[in-house]
Each structure stands twice: as structure tokens, then as C-alpha cells.
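Asker: Chain A is fixed; fit chain B onto it per the hints.
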Amino acid sequence: MFSERFSAADGLLQGIDPQVKLCCFLAFILTAVAARTMMSLIILSALVVTLSVASKIPPKFFFLRTTIFIPIFAAVIASPLPFITPGRPLALIGYDKYSIPVTWEGMYKAIHFTYRIWVCVALLTLLVLTTGFTRLVHAMEKFKIPKIFVAMTTITYRFIFLFINEAHRMVLAKEARTVKKEGRLWIMRSLARIMSTLFIRAYERGERVYTAMTARGYTGEIKSMGEMRCGHKDWVFGFASVLICFIIPLIEFCV
Amino acid sequence: MKETAIEMKDIKYVYPDGYTALDSVNLKIVRGERVAILGPNGAGKSTLLMVANGLFTPSKGRVSVLGTPIDKDNLYRVRMKVGLVFQDPDDQLFCPTLWEDITFGPLNMGLPEEEVTRRAKDALRGVGLEGYEEKPPHHLSVGEKKKAAIAAVLALKPEILILDEPTANLDPKSRTELAKLVNSLYEEQKITLIMATHDVDFVPKIADRIYVLNKGRIVAEGPVREVFSNFEIMAEANLEPPTVTCLFSLLDERTDLIKPLPLTIEEALHKIKHLMERS
Numbered sequence: 000m001f002s003e004r005f006s007a008a009d010g011l012l013q014g015i016d017p018q019v020k021l022c023c024f025l026a027f028i029l030t031a032v033a034a035r036t037m038m039s040l041i042i043l044s045a046l047v048v049t050l051s052v053a054s055k056i057p058p059k060f061f062f063l064r065t066t067i068f069i070p071i072f073a074a075v076i077a078s079p080l081p082f083i084t085p086g087r088p089l090a091l092i093g094y095d096k097y098s099i100p101v102t103w104e105g106m107y108k109a110i111h112f113t114y115r116i117w118v119c120v121a122l123l124t125l126l127v128l129t130t131g132f133t134r135l136v137h138a139m140e141k142f143k144i145p146k147i148f149v150a151m152t153t154i155t156y157r158f159i160f161l162f163i164n165e166a167h168r169m170v171l172a173k174e175a176r177t178v179k180k181e182g183r184l185w186i187m188r189s190l191a192r193i194m195s196t197l198f199i200r201a202y203e204r205g206e207r208v209y210t211a212m213t214a215r216g217y218t219g220e221i222k223s224m225g226e227m228r229c230g231h232k233d234w235v236f237g238f239a240s241v242l243i244c245f246i247i248p249l250i251e252f253c254v
Numbered sequence: 000m001k002e003t004a005i006e007m008k009d010i011k012y013v014y015p016d017g018y019t020a021l022d023s024v025n026l027k028i029v030r031g032e033r034v035a036i037l038g039p040n041g042a043g044k045s046t047l048l049m050v051a052n053g054l055f056t057p058s059k060g061r062v063s064v065l066g067t068p069i070d071k072d073n074l075y076r077v078r079m080k081v082g083l084v085f086q087d088p089d090d091q092l093f094c095p096t097l098w099e100d101i102t103f104g105p106l107n108m109g110l111p112e113e114e115v116t117r118r119a120k121d122a123l124r125g126v127g128l129e130g131y132e133e134k135p136p137h138h139l140s141v142g143e144k145k146k147a148a149i150a151a152v153l154a155l156k157p158e159i160l161i162l163d164e165p166t167a168n169l170d171p172k173s174r175t176e177l178a179k180l181v182n183s184l185y186e187e188q189k190i191t192l193i194m195a196t197h198d199v200d201f202v203p204k205i206a207d208r209i210y211v212l213n214k215g216r217i218v219a220e221g222p223v224r225e226v227f228s229n230f231e232i233m234a235e236a237n238l239e240p241p242t243v244t245c246l247f248s249l250l251d252e253r254t255d256l257i258k259p260l261p262l263t264i265e266e267a268l269h270k271i272k273h274l275m276e277r278s
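Residue numbers (numbering that gives the first Met the number 0), protein chains in the order written: chain A, 0 to 254; chain B, 0 to 278.
Hints were generated in silico from the structure; no laboratory data involved.
Incorrect hints may appear among the rest.
[Unchecked claim] Example chain A residues on the side facing chain B (calculated, C-beta under 8 Å, incomplete):
(1) PHE132
(2) THR153
(3) THR155
(4) PHE160
(5) VAL208
(6) LYS222
[Said to hold, decoys possible] EDC-like mimics (lysine to aspartate or glutamate), calculated; alpha carbons at most 16 Å apart, straight line:
(7) B:LYS1 x B:GLU32
(8) B:LYS172 x B:GLU143
(9) B:LYS27 x B:GLU6
(10) A:LYS222 x B:GLU113
(11) B:LYS204 x B:GLU143
(12) A:LYS222 x B:GLU114
(13) B:LYS27 x B:ASP207
(14) A:LYS222 x B:GLU112
(15) B:LYS27 x B:ASP9
Quick reminder that beta carbons are idealized off the backbone N, C-alpha and C, glycines included.
In isolation and in its complexed conformation, chain A is listed as follows (with noise of 0.2 Å):
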């Protein structure tokens, strides 16, 4: 989820203009997936470390939210690699007759694959959380997204939590009123309940939603307020990304 916490800091990222920001890590994430050698990635990390350290969000948090879950889930992917790849033999696993090889460029590859997942993940980690979710809806408007779209997602983004946790109240109401043991059929029907109720819920929270906002003048358009514009700072951070996304590739023709 969007944390607010981080967003509202005083670090880099966080005073540099949305749109430019978006841009900016759109390219860093295809400079990533474009990359071929690990010095490459090494830099990408590199100045996603900086740009994290810079941004005032503390590196533990950082390093657990980048890593677990999707780069884990890479490894285990990735994970049949190094036995399946020809190569020159790094050592053997299994006993006697029944070993594998694991080889040297098996085992690239996969550290390789799952070291370009952490650093996309972390760069899509660091534009979360130092942009608020408002600023990016923003910069979303800006960028020509039809405007009923960026209303439902704010919409959306509003209203999710109330729902995960009328969600929640329902099942801790049925649980509550659970004496015993149930079969899997049973419990399937009453969470089928409890989504049907939830949807019906939903559906009227919507209308009152809708009255609340005529009565406050609302006639089919959200309008918003404050024209972002970029300075001299956006300028040159636009202008540094797109510098090292040259770079890297040049360097790794070069070499």
C-alpha cells in the first residue's frame, strides 16, 4: 500500500515534481530489464541506494520491502537454472551416479535474473514511497489518462480500506456466532454470503457516496486545484536519468 509516511519526509525524491519522477523511473525499470551484464545492475543498485539513502527512508525497512516476497519468489523461479543451463561445471549435487552438475553460467544466470527483479522492484518501491498517492493520481491526469479512470482509482484507493474492514467485522461476526467445528462446504457458503452481503453494501455505500457529492455540487466532473510545474531541480534529476540510462547500455557495448 501507498505509505503517506515517507512521502511527506524532506528527502530527494520527494521534492522532485511527480510527472518528472515517473518518467524518470520508467526508464531506470526498462534500463534494468534491458540489461545484460551484472555491472549494469551493480550501478542501477547502486544509485538506487543513493536515491533511497538521499530520500531519507531507513535502509532496514527499505531492504525488507524490497526483498521479500517478489525477489524471493524470483529465486525460487529462477531456481532450476543452474542445472539446466550448459556450462562449465562449478560443482556436483547428489550422490554417486545420481548427481547433477550445477554450472558456472547457470548460476549467473539466476542470480543474474533474480538481482534484475530486486532492483525493478526496488525502484518501483522508491517511486511509491516518497509520492503521495494524490501527486501521482496528478501526474496520472497530466498524462492525458482519461479522467473517469483517475476518478475511480481515487475512489477506489479511498474506499478499499473501509471495505477491508467491513470485510473483516462480517467474518469476525460469523466467526463470533461459530460454536463449533464446520465442514469446508459450510464455510464456503457462508464466505459466499458474506461476499454477496458485501457487494450490496457496497453498491448502496456508492449511491449515498453519489448523494453526498451533489448535494456538495458535484455535476459528473471531479475538478482539481494546483498546477505542478517543474523547476530548476526537476530539470536536472530528469536530466541525470536519462544521462545514466544512456551510460549503461554504452558502457555494456563498449566492454
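Answerer: Quick look at chain B alone, frame taken from chain A:
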């Protein structure tokens, strides 16, 4: 003769499913009044407020706001004059941050940005939520959400403020704060207040006059003290007078010393002191 704020003549409202929520409702509220609409659950209070704001068009009858009957052409202007605070603040606050919610109404009015900013700041200061601009509504407490919802309506600078069940789900402290807030709005901005509630202990603190609504009809009307003294009407509408009033009414069976019956703790205290001095 004071100017009329809201007048309803012979209002009937039938929901699309055929349920008659309001029937032959007549009501007249003048400018600068504090009126409570009292009624049990399902009496039609919320529907009445929606009709007053022009959100619901009555099936029969006529509603006038500040002297002009509501019609299709002036609907939006009416809604800006009559600010409606919904019962559940989660229905009203729909933006990711408070600031966007507060500016939503003024921006819809097409005001210039400086004016919108000024109004939003004034509204937040008015309810005591300065510094909460960037907060997402789901991080606020219920009391804060309520204040935020009021601020979002105050930013429209309405002449009439309608509150639907303002004390619902509030803790005692938030309730007291709300009463203070509402009364300060009334005193400083001379705003006309209309509140739907069944919180009878709260009513004497924030209202001068009461309409009692039961099963879609107005069954009693008058100054707070007068209506609360009418125990039969209260009972008929599934309501009770404030707790202290009930208590003193039991004491009052033998003597007339206690009349008029106190409505608030302060009045009761005063009365007890008075009685003690006499004896």
C-alpha cells in the same frame, strides 16, 4: 417578521419501491433558528433533510428555500445555500486527502483558486482541524471525520446548515465538542441550523425548537421545553424526554415546586440548589 429559511407545504415523498416516507409534512423554519427534527428510527428524518436540500424531489407539495421554491433551474444554487452533513462521514469524505475533500465543493462552485484555498483554510480552522490537510480520511477518528465532514460543507459557506444524526457514533468528549462547534457557528456566522436526531439529551444544548416526526408525519412542534413536557407525544413516537427531565417528572408528582422541568444537568443542578436553600 423574519425571513423564511425553509418552508415545506404539504410534502409527500414516496420511494420508488412504493414506501411512503413522508406524508403531509408542513414545516416553516425562519432564518437564524436552531431546529431539531426529532424522531425514532425510520421516521423519515433523513428523507426530510434530503428533500430540504433538493436532493430528493417530493412526490407532492412544494419546498421553498430562502423564499424561492426549488425547481430544476435553481437546484444547484439551492444545494450551495443549504449545506447537508451526512450521517456517516465515510459517505461524504470520498477523496484520498482531506484537503481535496474540503476543496471539492468550492471547486464545483467554480470559484477562483485563491478563494477556494481561503475558504478551505477557514473551514478547517473553524472545526479545529488545521494541519490535517494532507491526512487521508481513513486515518482519522470518527470524531475527526465528523468535523471534517462539517468542514467540507462549511467551505460552501451555506446559509443553512443541516446535520443528519450529528452525534451518531461519537464518544462523550466528541459530542461536547460538536455541540460547542455547532453553537459557535450559530453565534458567529448566524447560520440557520437544522438537525435530525434522536439523541434527546443533546437537543436542549443545540436547539430552540423541535419538530417531532413519526411514521412520516409531523406529530408535534414547538419550543424545546414545551415539546419535552408533552410525555404522551414523546412516548407515542418511541422517544423519551431528556434523562434529567424524566427524573424530575417523577419527583414532581406531588409538588409543583419543581416546575418548569429542567432539561439539562445545569438546569437540574440549579433547581436542586434552589430547593435545598428553601428547606
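Asker: Report the numbers of all earlier hints that the structure fails to satisfy, in ascending order.
Answerer: 3, 11
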